[in-house]
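In UniProt numbering, the protein residues as written are 1 to 292.
To be clear, the hints were calculated from the coordinates, so they are not data collected in a lab.
The C-beta atom is built at its ideal place from N, Cα and C for all residues, glycine as well.
Careful, some of the hints might be misleading.
Said to hold, decoys possible - If you anchor each label on the Cβ, the simulated ranges turn out as follows:
no., residue 1, residue 2, range
1, G49, D143, 20 to 26 Å
2, R13, V225, 48 to 54 Å
3, A46, A253, 50 to 56 Å
4, A110, A16, 17 to 23 Å
5, D145, G205, 34 to 40 Å
6, D31, G142, 33 to 39 Å
7, A115, P160, 17 to 23 Å
8, G144, D31, 34 to 40 Å
9, D58, D259, 36 to 42 Å
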Amino acid sequence: MPTAPCQHPGATRLSAIERSDGIGRIVIEADRLDSTNRRLVELGRAGAGHGTILIARDQTAGRGKGERGWFSAPDGSLCLSVLVRTGRGLREAAQLPLLAAVALREAILAETGVAAGVKWPNDLLAGGRKICGILAEAACDGDGDLDFVVIGMGINLAIPEAGFPENLRQGAVSLATLSGRPVDRDGLVASLAMLLDGWVKRWEGQGLPAFAEAWTAHALHLGHVVRLTDGDEDICATLIGLAADGALRICDAAGTVRDVHSGEIQSGETGLFPPVAPIPSQLPKTRIGAFS
Numbered sequence: 001m002p003t004a005p006c007q008h009p010g011a012t013r014l015s016a017i018e019r020s021d022g023i024g025r026i027v028i029e030a031d032r033l034d035s036t037n038r039r040l041v042e043l044g045r046a047g048a049g050h051g052t053i054l055i056a057r058d059q060t061a062g063r064g065k066g067e068r069g070w071f072s073a074p075d076g077s078l079c080l081s082v083l084v085r086t087g088r089g090l091r092e093a094a095q096l097p098l099l100a101a102v103a104l105r106e107a108i109l110a111e112t113g114v115a116a117g118v119k120w121p122n123d124l125l126a127g128g129r130k131i132c133g134i135l136a137e138a139a140c141d142g143d144g145d146l147d148f149v150v151i152g153m154g155i156n157l158a159i160p161e162a163g164f165p166e167n168l169r170q171g172a173v174s175l176a177t178l179s180g181r182p183v184d185r186d187g188l189v190a191s192l193a194m195l196l197d198g199w200v201k202r203w204e205g206q207g208l209p210a211f212a213e214a215w216t217a218h219a220l221h222l223g224h225v226v227r228l229t230d231g232d233e234d235i236c237a238t239l240i241g242l243a244a245d246g247a248l249r250i251c252d253a254a255g256t257v258r259d260v261h262s263g264e265i266q267s268g269e270t271g272l273f274p275p276v277a278p279i280p281s282q283l284p285k286t287r288i289g290a291f292s
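Start from the sequences, fold in the hints, and give me the full structure.
Here it is in structure tokens:
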């Protein structure tokens, strides 16, 4: 495995926060990258090991849900990706964005005191405003079997209110604004690495039940009626919780319980929540594919 798996100028090892094993064993920071996910997939193809973390101080082409871009600001955002090699299969690996949300929520609470809610499948919100988005991508081998997963996280660390684009100001907020104090970036990364490592190990042994209770305890909109677009169908339904594969389980107006693997969801009260990204029920065996 490369000891310094990044060819970009200014890339360094953050040895002070690296762990002895597991997630965070290697932590690399680059001054400027197009996408931490894209670059870490390349490093994974080159042999980077389980638990490698790649951080960009500035990310120029970060991606959000679907084809949307992800806004970030130099030193105001925490843009990082984590490489996970797992013995579980491709379909089960689609649960990793849910697991990552649980770990990141705990790390943010520990480091900043901000208590976030988890929005299926891959967002953290506080006071109805987004503080983090998660994008996981699978890399498969030549036979279409899972090789590794890269989990990308974009966290609004210290972007001032006026620093967001005008169209995002009502829907996004930074941890520094919420906590009223500066956020220790390295402390947050170290806490996330430790917590994510523990959750991944439990998930390896138990699957989704390992973290489903923790996810549900902090999930937003459970028991509430929302407007949901599932394909071409526009429905109102009550959110029940997670299905066995990480899909969203709902009860529609006719009383039918069903699982939703993709769609757009909005709060029934305000209609202002951003849409939920798709999680396919059967992940395609491609060389690289987005989970969320």
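Okay, the hints, checked on the actual structure:
At about 21 Å, the CB distance of G49 to D143 agrees with the hint of 20 to 26 Å. A C-beta distance of roughly 49 Å is found between R13 and V225, which places it inside the suggested range of 48 to 54 Å. At roughly 51 Å, the beta-carbon separation of A46 and A253 lies within the given 50 to 56 Å, and the hint holds. Under the hint 17 to 23 Å, the C-beta atoms of A110 and A16, about 18 Å apart, fit the expected range.
Look at D145 against G205: about 21 Å separates their beta carbons, and that is not inside 34 to 40 Å. Look at D31 against G142: about 34 Å separates their beta carbons, and that is inside 33 to 39 Å. Taken as a hint, the range 17 to 23 Å holds for the pair A115 and P160, whose Cβ atoms sit roughly 22 Å apart. Against the hinted window of 34 to 40 Å, the Cβ-Cβ separation of G144 and D31 comes to about 36 Å, which satisfies the hint.
A hinted range of 36 to 42 Å holds for the C-beta pair D58 and D259, which are about 39 Å apart.
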